[in-house]
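Using the sequences provided together with the hints, build the complete structure.
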Amino acid sequence: MRGATGRLRRSLRQRMLTPVMLGVRSFREAVLNALAARGHLVYCRLPQGNFFVDPSDRVIGSWLMWHGRWQREEIEQAIAQLAQAGRLPAGGVFVDAGANIGTQTVYAMRSGHFGRAVAFEPEPRNAELLRMNVAANGMGDRVAVVEKALGATSGTATLHLHPRNKGAHAIGAAPSLDGTESVSVPLTRLDTELAVLGIAPETIGLIWIDVEGAEVDLLRGLGDLVGRVPLAIEYGPERFSSAEGEAFRASLHAHYTTLRRLGPGDAQAEPIAALDRITSITDILLY
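In my numbering, the protein residues as written are 1 to 287.
Calculated from the structure, these hints are not laboratory results. Even glycine gets a Cβ: it sits at the ideal position worked out from N, Cα and C. Errors might be hidden in some of the hints.
Cross-link-like lysine to any residue pairs, in silico, SDA-like; alpha carbons within 20 Å at most [as the list claims (entries may be wrong)]: (1) LYS148 with GLU73; (2) LYS148 with HIS160; (3) LYS148 with VAL183.
Across the chosen pairs, the derived CB separations fall in these ranges [claimed, not checked]: (4) ARG164 with ILE281: 44 to 50 Å; (5) GLY223 with ARG125: 26 to 32 Å; (6) ALA135 with ALA250: 38 to 44 Å; (7) ASN33 with THR279: 32 to 38 Å; (8) ARG110 with GLY263: 16 to 22 Å; (9) GLY138 with ALA269: 31 to 37 Å; (10) ALA83 with ASN33: 41 to 47 Å; (11) ALA273 with GLY91: 30 to 36 Å; (12) ALA30 with ALA250: 48 to 54 Å; (13) ARG164 with SER242: 28 to 34 Å.
This is how it looks when you write it as structure tokens:
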């Protein structure tokens with residue numbers, strides 16, 4: 001009887017204190033710091049997929065650990081919009097440009113709308129976790145991981161690393177004031193790489209693009225895929241020079257007719273002219 005009472009007391013204490021402690025930012029930071037210092041990964045078994053995450057990643061990794069998702073609503077909105085518009089080929093290919101650790105690839109493949117995916121991620125540690133997460137979700141035979149950056153040419157590029165936000169590594173300007181590390185990574189054109197993989201343009205259902213300011217070069221590297229394939233882009237006009245922004249928008253205006261903002265709220269499809277009214281970072285779908 002005494003043992004049962006003790007177990008009940010401990011169970012009640014844990015159930016009462018755990019939500020309180022996990023809601024305290026300083027406690028969460030202490031947990032993450034301790035795990036990261038020991039080189040541990042965290043395995044998140046979630047309703048929308050299973051993910052190994054780096055506890056030193058204070059954005060995507062942290063969000064998965066404490067909230068159980070990362071931009072899941074955005075990709076669900078994009079897929080639903082394309083399905084409603086009749087723009088998703090049956091069993092098509094999902095292309096993840098800047099895949100990080102694979103959240104969007106996993107969400108897309110679990111949606112039932114895609115039969116295959118190609119995920120591009122240049123940063124070695126992220127790419128390792130991406131492969132692990134593809135395997136953890138039983139998708140190894142349907143997802144190709146390509147450890148390369150995407151741009152307008154083929155060659156190499158310098159990827160500047162963010163010390164805390166593992167999804168903010170960037171080619172070009174350093175993503176943080178205190179980030180001093182960088183790595184040389186292979187660079188390729190997206191149209192070239194997809195051709196090597198034997199992926200025909202008409203089989204591509206969606207290209208999901210999150211490349212931290214490299215969108216202009218990536219668009220150039222799409223070649224004649226532009227206009228033939230729907231794009232979901234983390235679009236930040238302030239990331240571009242005036243000339244780059246004008247050229248980028250002109251290309252999208254010339255090849256797409258419809259825009260849908262992704263994220264909170266119930267946004268509706270708009271004419272492509274709405275692109276010119278976006279002044280801050282916004283996730284958008286173009287088709």
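Quick rundown of the hints versus the structure:
A C-alpha spacing of about 27 Å is found between LYS148 and GLU73, which places the hinted pair above 20 Å, so the restraint is violated. The straight-line distance between the Cα atoms of LYS148 and HIS160 is roughly 14 Å, inside the 20 Å bound, and the hint therefore holds. For the hint linking LYS148 to VAL183, the alpha-carbon distance of about 12 Å falls within 20 Å, and the restraint holds. Between ARG164 and ILE281 the Cβ separation comes to about 18 Å, which falls outside the hinted range of 44 to 50 Å.
Evaluation of the 26 to 32 Å hint for GLY223 and ARG125 yields a pass: the beta carbon distance comes to about 30 Å. The beta-carbon spacing between ALA135 and ALA250, approximately 42 Å, falls within the hinted interval of 38 to 44 Å. Taking the beta carbon of each, ASN33 and THR279 are about 36 Å apart, inside 32 to 38 Å as hinted. For ARG110 and GLY263, the hinted distance range of 16 to 22 Å is satisfied, since their beta carbons lie about 20 Å from each other.
Between GLY138 and ALA269 the CB atoms are about 34 Å apart, so this pair conforms to the stated range of 31 to 37 Å. Between ALA83 and ASN33 the beta carbons are some 43 Å apart, a value that agrees with the proposed interval 41 to 47 Å. Between ALA273 and GLY91 the beta carbons are some 34 Å apart, a value that agrees with the proposed interval 30 to 36 Å. Evaluation of the 48 to 54 Å hint for ALA30 and ALA250 yields a pass: the beta carbon distance comes to about 50 Å.
One distance hint, 28 to 34 Å for the beta-carbon pair ARG164 and SER242, holds here, with the actual separation near 30 Å.
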